[in-house]
Amino acid sequence: MNLTELLDTTAARWPQKPALIEDAMVVSYAELVQRTQELAIKLQALPITTGGRIGLAFPNGVSYVALTFALWRVAAVVVPIPSECTEEEIADLAAAMQLEGILSQKSRPESTAVTADCFFGRLRPPTPPDNHGLNLAFIRFTSGTTSARKGVALAHETIRDRVLSANQALRIGSEDTVIWCLPMAHHFLVTLVVYLSVGATVVLARHVLAQPFLDATIRWRGTVLYAAPFHFAMLARDRSGAALPSVRLAVSTTCALPPEVAEDFYGRYQIPLVQGMGVIELGLVSLNTDDPQARWNSVGRPAGDFRVQIMDPDATGCGEVAVAGPGIFDAYVAPWIPREQVLRAGWFFTGDIGRIDADGFLFLLSRKTAVINLAGRKVFPEEIEAVLNRHPTVRESRVYGQPHPHLGEVVAAELVLEPPHASLEPVRQYCREQLAAYKIPMRFTLVSALPRTPVTGKIRRAAPVA
Amino acid sequence: MIAASEIETKLLDFLKREVFAADVAVTPETDLIAAGFDSMSLVRLLVFIETDYGFWIPESEITGDALQTVRTLAATFTRLLNAR
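Chains as they are written, first to last, in this note's numbering: chain P, 1 to 466; chain Z, 467 to 550.
Hints listed in this document are in silico derivations from the structure and should not be mistaken for laboratory results. Warning: the hint list may mix true and false statements.
For each label pair, taking beta carbons as the anchor points, the in silico distance ranges come out as [stated by the list, open to error]:
1. P:Gly173 / Z:Thr493: 49 to 55 Å
2. Z:Glu527 / P:Glu175: 32 to 38 Å
3. P:Asp291 / Z:Thr493: 50 to 56 Å
Glycine is no exception: its CB is placed at the ideal position from the N, C-alpha and C atoms.
Hey, can you work out the whole structure from these sequences and the hints?
Set out below in structure tokens:
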């Protein structure tokens, strides 16, 4: 099975229907399919092997979507490279994922032109990657600590199961128009692939400001908004008075929805924000379309064939959220760990702490890990600390998420410098060279020592209260 | 009263140091969006202003007109900071 069949089937049924709208450019399903076919012919001329892993370094746009499907046509595995990655991060990703090449919008060292705005840079991994016989479509690279499992691999069949399952929750159809503003490198499978497999229209809105987002929604009569709390907070503070009567579903994703954002957005547009639980290893587990107003802070009841269970609940019913169901990821990539070795008796332990109420609604309370969420982008403290600690004047560091009313959290760092009065500026500069912009701590505090756990002497991970 | 020139200098310094690549020449007339200013740049800039002045500039105030150049952005920030 190949995921391009989903797009081809839609295009056969609704050839003239708009699939993607970017600024004034409207691309029909027939045109989108044609574009993916033409690109696939060009890709065939490149040294890409069946099951070869290709990095995709493109910004949001029609090209991003067309290239993803074109890569699937030639049986390559798509590995998104977020646009904010530095060269060092791209090199890490390429080595860890054993990329055969990178398709990028800008020419890169030793790359050759595929089209006017698409370049291919060939890479030669020292050992060829082994997909262990799976019909892989996609690998999401996840950074994290050096010892962490890197990369989540998904087969075509797995993604198809996710798409079907996700739409049992989203219930998107060919009459829907989705207003899109999230980075495609972070969101694609249970969102864009779902929309394009049911014949919906996706409008690509620029997301710097509220106004273009509102204009796009009104102009194209958007029925579904899919965005992060950060975007909804911006929309809530719009004072143009514009209403959004066409919107039937507004999904808040990527991080927990702050109560004031839910309240302000509802106050401004009379549209309740719906939260869901999306996990790269699982897909879209739940979506709270049943009761978004009274239970605004719930992620809803399990969708379709998903089952959710609280493991080892405490006296208040809280415990780790475990999930079983369709479309669970196939393997971690580096090192290769197949799904069967990760699941425990068929359950995936998410690392989220939650509870389920009497009516079956799931509430997420916190993470077991210290991952920081900056306006929907995930930042691993250990990764930032590793960079900081490499700087010659940093003796030790602790990175944490500082709660922020508008952004969820901002990345903050406590540093012990050696000598103690050394300048902070070279450390900031070093971070800029080594880290994507959103990972660079926005607040630095110089301290004389970091708190340690009494028994092991490790730096205590708990976040200081702001 | 905070002078617009003070904010403009601060913004230029911040953009050169934290947002744009070293080979991008940033002047008060630089077209921000064309130079690559994006939503994450805006987030970092708003946090920077909040840290320095203790005031969160509402995103709703950052219109397309305000985001044209460093100068127009500085003028918007100055007006809001003085009106708080």
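Results of checking the hints against the structure:
1. P:Gly173 / Z:Thr493: 49 to 55 Å: 50 Å, holds
2. Z:Glu527 / P:Glu175: 32 to 38 Å: 36 Å, holds
3. P:Asp291 / Z:Thr493: 50 to 56 Å: Given range 50 to 56 Å: holds, Cβ gap about 53 Å.
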